[in-house]
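Throw the hints in and build the complete structure from the sequences for me.
2 protein chains.
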Amino acid sequence: MVLDKINFPSDLKALNFDEMKTLASEIRELIIKKVDTTGGHMGPNLGIVEATIAMHYVFNTPKDKIIFDVSHQSYPHKILTGRKEGFINPEMYFKYTGYTAPEESEYDLFKVGHTSTSVSLAVGVAKARDLKNENYNVIALIGDGSLSGGEALEGLDYAASLGSNIIIIVNDNDMSIAENYGGLYGNLKELREHKGKSENNFFKALGFEYFYIDEGNDVEKLIEGFKKVKDTNKPTIVHIKTQKGKGLKLAEENREYFHWILPNGIEDFGKNVSMPENYTDLTKEYILNEAKNDPSFVVVNAATPGVFGFDKEFRNKLKGQYVDVGIAEEHAIAMTSALAKNGARPIFAVMSSFIQRTYDQLSQDLALNNSPATILVYWGGISNADATHLCSFDMSLISNIPNINYLAPTNKEEYLAMLDYATKKSTTPTVIRVPAISLEKTGMTDKTDYSKAKYNVVFEGKDIAILGLGNFYKLGVEVYNELKNKGLNPTLINPKFISKLDFETLDKIKDNHKIVITLEDGILDGGFGQKVAGYLAKFGVKVLNYGALKEFTDRIPLDELYTKYRLKKELIIEDVINSMNLVNV
Amino acid sequence: MVLDKINFPSDLKALNFDEMKTLASEIRELIIKKVDTTGGHMGPNLGIVEATIAMHYVFNTPKDKIIFDVSHQSYPHKILTGRKEGFINPEMYFKYTGYTAPEESEYDLFKVGHTSTSVSLAVGVAKARDLKNENYNVIALIGDGSLSGGEALEGLDYAASLGSNIIIIVNDNDMSIAENYGGLYGNLKELREHKGKSENNFFKALGFEYFYIDEGNDVEKLIEGFKKVKDTNKPTIVHIKTQKGKGLKLAEENREYFHWILPNGIEDFGKNVSMPENYTDLTKEYILNEAKNDPSFVVVNAATPGVFGFDKEFRNKLKGQYVDVGIAEEHAIAMTSALAKNGARPIFAVMSSFIQRTYDQLSQDLALNNSPATILVYWGGISNADATHLCSFDMSLISNIPNINYLAPTNKEEYLAMLDYATKKSTTPTVIRVPAISLEKTGMTDKTDYSKAKYNVVFEGKDIAILGLGNFYKLGVEVYNELKNKGLNPTLINPKFISKLDFETLDKIKDNHKIVITLEDGILDGGFGQKVAGYLAKFGVKVLNYGALKEFTDRIPLDELYTKYRLKKELIIEDVINSMNLVNV
Numbered sequence: 143m144v145l146d147k148i149n150f151p152s153d154l155k156a157l158n159f160d161e162m163k164t165l166a167s168e169i170r171e172l173i174i175k176k177v178d179t180t181g182g183h184m185g186p187n188l189g190i191v192e193a194t195i196a197m198h199y200v201f202n203t204p205k206d207k208i209i210f211d212v213s214h215q216s217y218p219h220k221i222l223t224g225r226k227e228g229f230i231n232p233e234m235y236f237k238y239t240g241y242t243a244p245e246e247s248e249y250d251l252f253k254v255g256h257t258s259t260s261v262s263l264a265v266g267v268a269k270a271r272d273l274k275n276e277n278y279n280v281i282a283l284i285g286d287g288s289l290s291g292g293e294a295l296e297g298l299d300y301a302a303s304l305g306s307n308i309i310i311i312v313n314d315n316d317m318s319i320a321e322n323y324g325g326l327y328g329n330l331k332e333l334r335e336h337k338g339k340s341e342n343n344f345f346k347a348l349g350f351e352y353f354y355i356d357e358g359n360d361v362e363k364l365i366e367g368f369k370k371v372k373d374t375n376k377p378t379i380v381h382i383k384t385q386k387g388k389g390l391k392l393a394e395e396n397r398e399y400f401h402w403i404l405p406n407g408i409e410d411f412g413k414n415v416s417m418p419e420n421y422t423d424l425t426k427e428y429i430l431n432e433a434k435n436d437p438s439f440v441v442v443n444a445a446t447p448g449v450f451g452f453d454k455e456f457r458n459k460l461k462g463q464y465v466d467v468g469i470a471e472e473h474a475i476a477m478t479s480a481l482a483k484n485g486a487r488p489i490f491a492v493m494s495s496f497i498q499r500t501y502d503q504l505s506q507d508l509a510l511n512n513s514p515a516t517i518l519v520y521w522g523g524i525s526n527a528d529a530t531h532l533c534s535f536d537m538s539l540i541s542n543i544p545n546i547n548y549l550a551p552t553n554k555e556e557y558l559a560m561l562d563y564a565t566k567k568s569t570t571p572t573v574i575r576v577p578a579i580s581l582e583k584t585g586m587t588d589k590t591d592y593s594k595a596k597y598n599v600v601f602e603g604k605d606i607a608i609l610g611l612g613n614f615y616k617l618g619v620e621v622y623n624e625l626k627n628k629g630l631n632p633t634l635i636n637p638k639f640i641s642k643l644d645f646e647t648l649d650k651i652k653d654n655h656k657i658v659i660t661l662e663d664g665i666l667d668g669g670f671g672q673k674v675a676g677y678l679a680k681f682g683v684k685v686l687n688y689g690a691l692k693e694f695t696d697r698i699p700l701d702e703l704y705t706k707y708r709l710k711k712e713l714i715i716e717d718v719i720n721s722m723n724l725v726n727v
Numbered sequence: 143m144v145l146d147k148i149n150f151p152s153d154l155k156a157l158n159f160d161e162m163k164t165l166a167s168e169i170r171e172l173i174i175k176k177v178d179t180t181g182g183h184m185g186p187n188l189g190i191v192e193a194t195i196a197m198h199y200v201f202n203t204p205k206d207k208i209i210f211d212v213s214h215q216s217y218p219h220k221i222l223t224g225r226k227e228g229f230i231n232p233e234m235y236f237k238y239t240g241y242t243a244p245e246e247s248e249y250d251l252f253k254v255g256h257t258s259t260s261v262s263l264a265v266g267v268a269k270a271r272d273l274k275n276e277n278y279n280v281i282a283l284i285g286d287g288s289l290s291g292g293e294a295l296e297g298l299d300y301a302a303s304l305g306s307n308i309i310i311i312v313n314d315n316d317m318s319i320a321e322n323y324g325g326l327y328g329n330l331k332e333l334r335e336h337k338g339k340s341e342n343n344f345f346k347a348l349g350f351e352y353f354y355i356d357e358g359n360d361v362e363k364l365i366e367g368f369k370k371v372k373d374t375n376k377p378t379i380v381h382i383k384t385q386k387g388k389g390l391k392l393a394e395e396n397r398e399y400f401h402w403i404l405p406n407g408i409e410d411f412g413k414n415v416s417m418p419e420n421y422t423d424l425t426k427e428y429i430l431n432e433a434k435n436d437p438s439f440v441v442v443n444a445a446t447p448g449v450f451g452f453d454k455e456f457r458n459k460l461k462g463q464y465v466d467v468g469i470a471e472e473h474a475i476a477m478t479s480a481l482a483k484n485g486a487r488p489i490f491a492v493m494s495s496f497i498q499r500t501y502d503q504l505s506q507d508l509a510l511n512n513s514p515a516t517i518l519v520y521w522g523g524i525s526n527a528d529a530t531h532l533c534s535f536d537m538s539l540i541s542n543i544p545n546i547n548y549l550a551p552t553n554k555e556e557y558l559a560m561l562d563y564a565t566k567k568s569t570t571p572t573v574i575r576v577p578a579i580s581l582e583k584t585g586m587t588d589k590t591d592y593s594k595a596k597y598n599v600v601f602e603g604k605d606i607a608i609l610g611l612g613n614f615y616k617l618g619v620e621v622y623n624e625l626k627n628k629g630l631n632p633t634l635i636n637p638k639f640i641s642k643l644d645f646e647t648l649d650k651i652k653d654n655h656k657i658v659i660t661l662e663d664g665i666l667d668g669g670f671g672q673k674v675a676g677y678l679a680k681f682g683v684k685v686l687n688y689g690a691l692k693e694f695t696d697r698i699p700l701d702e703l704y705t706k707y708r709l710k711k712e713l714i715i716e717d718v719i720n721s722m723n724l725v726n727v
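Keeping their order, the protein sequence lines are chains A and B. Residue numbers for the first sequence follow the numbering used here, beginning at 143 and rising by one. Residue numbers for the second sequence follow the numbering used here, beginning at 143 and rising by one.
Derived from the structure by calculation, the hints contain no laboratory data. Check each hint, because a few of them may be wrong.
For chains that are exact copies, the list does not tell them apart, and a pair is met inside one copy or across any two.
[Said to hold, decoys possible] Computed cross-link-like contacts, DSBU-like style, restricted to lysine-lysine with a CA-CA straight-line distance of at most 30 Å:
1) K626 <-> K554
2) K461 <-> K205
3) K205 <-> K434
4) K567 <-> K274
5) K426 <-> K274
6) K376 <-> K454
7) K454 <-> K652
8) K596 <-> K237
9) K459 <-> K147
In structure tokens form, the structure reads like this:
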């Protein structure tokens, strides 16, 4: 194997073009096997193999700095920078993260995972170089899909005026996760079709030097092109056309499916997996039904339809009532707010980790205008995810903005009632945290008025009250049952409201309860429990808050996190008993 | 006066061009007098008078919809849409806000004040129109300075692909608040110089129809131009060149000063106002001194140098060590993080209200990477500001992100020690909330290690502890003195740390205190006091949180807000006494 000779990028310099082509095939094979086993980003990595070899051949890393956007396409880079064992040896498959990680290698500059950050980060690296009077190349590698994000566009605008070396490689595979949307993509198409020589050029309009490489999966052509821009003293774009999924026919032909796959994604492709009733399907059904009856009902998302199960069939059914704005969450919130203000009935669906890109839009465009729009937050909760994709911050982010009613359903009927309330009755913004757990049913229609905070007191007892919010209501039930078994008569509450307190219920609780337990599936800081504590502590009621600590965890198993945060029935009971001994329950 | 005949835009249709020119002069005169009396945006409004008349002449508002960006240039619009009394009658000068406000008029669609939102909002309005099969023009009016914001760029990208009527008027006066920065502005210049016919065209590259009007302060030319695009079925840009400050010579020649002025700004122009020692000057002095000794020391801001007193003299002294990224806060945070990661020593200065545009960048680009960058937050605190420019949310936003050390100094020596710690010693991101009150001195050098949360226990007493954070430490002192006068012996604490709890001190407090009072100059939800309550409530300590409610207040006098929030010595004492009666202090 050629790869046997390659441990670090400097080893590449000794190879000839034929060997580099062989190396590309070898890397490709490793990626296909590894990703099919562990799951991960398939298409983006297969497309960027040659460009990664060429970058490391032409530039002198780590002195020259490469900054990856999202870094979901950094597997070939990892293989070439001392981490190939993580792709060769199945026992090491989980040793390295799926993103760049400075703690793994000096060839990785930043820990990233969210989109559209590379250009701005590269500008900062380059500016520091200039201030310190140093001399090397700073390269950002960004995919076409990521270009539409506000941070990337701000970064491009500024980078063009930097006045010194910065090389931005635009990896254009004509795809975001799904299709691209937006005017910029018309221009990229035009540029590809005219081999970089079209009349309109977005990058030149911003002031960049511009180079186009049509054969973005040809190592020789890439090396030739990169050599031309190496050591430039001007902000420069190298626009390369690549094939997403290159080398795996199925992935070349099904680029959306193979962007990111689960383990055994190749074998499972095309299989119809039958799933028990779940919130994803329920939501799609609700949307299709409403959209059929009301042409102003519209669903918006920002380039991640797969998160919500918005497959092609669903998209085709909705036609103009389905809007994908591309990677552009800020725009999505403002647009959704305005849709609602102008009499349409929009739902914006978003993954918890990505709503972080929109604080000011939530505050100013949506909340300040009190637009009766609906936002569905998916995957919210503590998880074993990468540090870059944690979903435990959304409650703290959203619930401290005025006017927004943030709701946490615990079962099918509540969820449907909340959807109905949000999209039909509400006069203010409603955000619903779609349960990230299996679907439960009560069998009874929920008739709650969700405009006013009203907790559901499921069992009324005394001395100890348990407030189990959203995903953690079930944990609340477990704690309740255990206390009952111990001969106590606690109160069990399903709060349902994340951002508003039900003062009436809390006032009742404070009078005949000594200990209040709050359970929430997210960080404690700025969350639900601290709001409850802030109110009840006035009266000297003991409040025990359970949730995650404010920290970035990185692929830590859920059970380990739950133990650390004491989010387990037996640990909670232990705390309650300790607490009871002090208050004489 | 021509204006006597104009009560609503429809009245304009009866005027001839000469009358419209006279009307423009009349409006200009009113604005100059009113703004010089009350303070407000001078230059932007003087520049847009003719375009506003032309828009309302050509389009049929309110059926046709105009969405203003920032809406700091909406004064002429207000005069033409039923609100002229607010500009004619000095007693009515404060009746209307300085921004669009739907509660004032059906001609105002959104409550806005932050930049770069108009295009995305207009897209939502237009899309709702299309879904409902309605028919009218949707117009966004956006200044050149606002174009560089991520939300605007995302919006433009998407708008270009909308496929139906949307007209974006780019009001190009070749200025942001200060100079423009970024590649886009090179293109705008090129377009202006070639009367819209240059080789590179940013807007055409995105796919827009593009029109250029060189005489943006000529009603006749504007009307001619707007008529051409009215009822278009394509996304269209009308690029108009206007003169900021038009009609007031001083404002035409001093565009940065006259962007926004205080009352009597005309008379005070050029006067050297002598100010007592203050945090603004202290910060500038610190920066200049550090920058002189270290070429890698660099200060970054996003288009609002005036907020920090970064005047031309200061900027010129710093040369390449001063970076204005334009309106691009997301880029600014990422760039600042990367500057720090690559060995420079950056400070990013930002107004509290505008840091809201960067949550994900604070989280991912900065905090996750633990970059030792410094951020200075100005104007943080409860205020009588417009609902769009409140500065009471920053603590709740920043202090719930892991790894960020958010500090609240209360005097000169602490502030300098924190600056030194942040820019010289820290290995993690530090944010400092620059006090928004007059400068106090202790006369003693502060030697605290700010890497570890350690509250300053100023007076150690018992039963009652007062935690007065940042701006409200002084209020804490007042409450302390009053309780002393009443024969009590309370504890007074200056916490200094917003985002981290000092568990050691809190553990001591809990043992011999029954009531803990927290005071913070911001919203309570997600803030400092609730963190303290979340910890102490576990032990049944009574905690009274004082701060603002989670709400958008709109130009409410500070005294009224303090009374409402009980942020006054006598009201707090009243609460404490009530509370004491229940706990037997």
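Verification of the supplied hints:
In this homomeric assembly, K626 and K554 come within 30 Å of each other (Cα to Cα) only inside a single copy, at 27 Å, whereas the closest approach across copies is 57 Å. For the identical chains of this complex, K461 and K205 are inter-copy neighbours only, at 27 Å across copies versus 50 Å inside a copy, given an alpha-carbon limit of 30 Å. In this assembly of identical chains, K205 and K434 lie within 30 Å of each other by CA distance solely across copies; the values are 28 Å between and 58 Å within a copy. Taking the shortest alpha-carbon separations for K567 and K274, only the inter-copy value of 19 Å comes in at or below 30 Å, while the best intra-copy value is 59 Å.
In this assembly of identical chains, K426 and K274 lie within 30 Å of each other by CA distance solely across copies; the values are 22 Å between and 54 Å within a copy. For a Cα distance limit of 30 Å, the shortest separation of K376 from K454 across copies, 27 Å, qualifies, whereas the shortest one inside one copy, 43 Å, does not. In this assembly of identical chains, the alpha carbons of K454 and K652 never lie at most 30 Å apart, being 52 Å within a copy and 59 Å across copies at closest. In this homomeric assembly, K596 and K237 never come within 30 Å of each other (Cα to Cα): the closest approach is 47 Å inside a single copy and 38 Å across copies.
Taking the closest pair of Cα atoms, K459 and K147 never come within 30 Å of each other, the shortest separation being 53 Å inside a single copy and 53 Å across copies.
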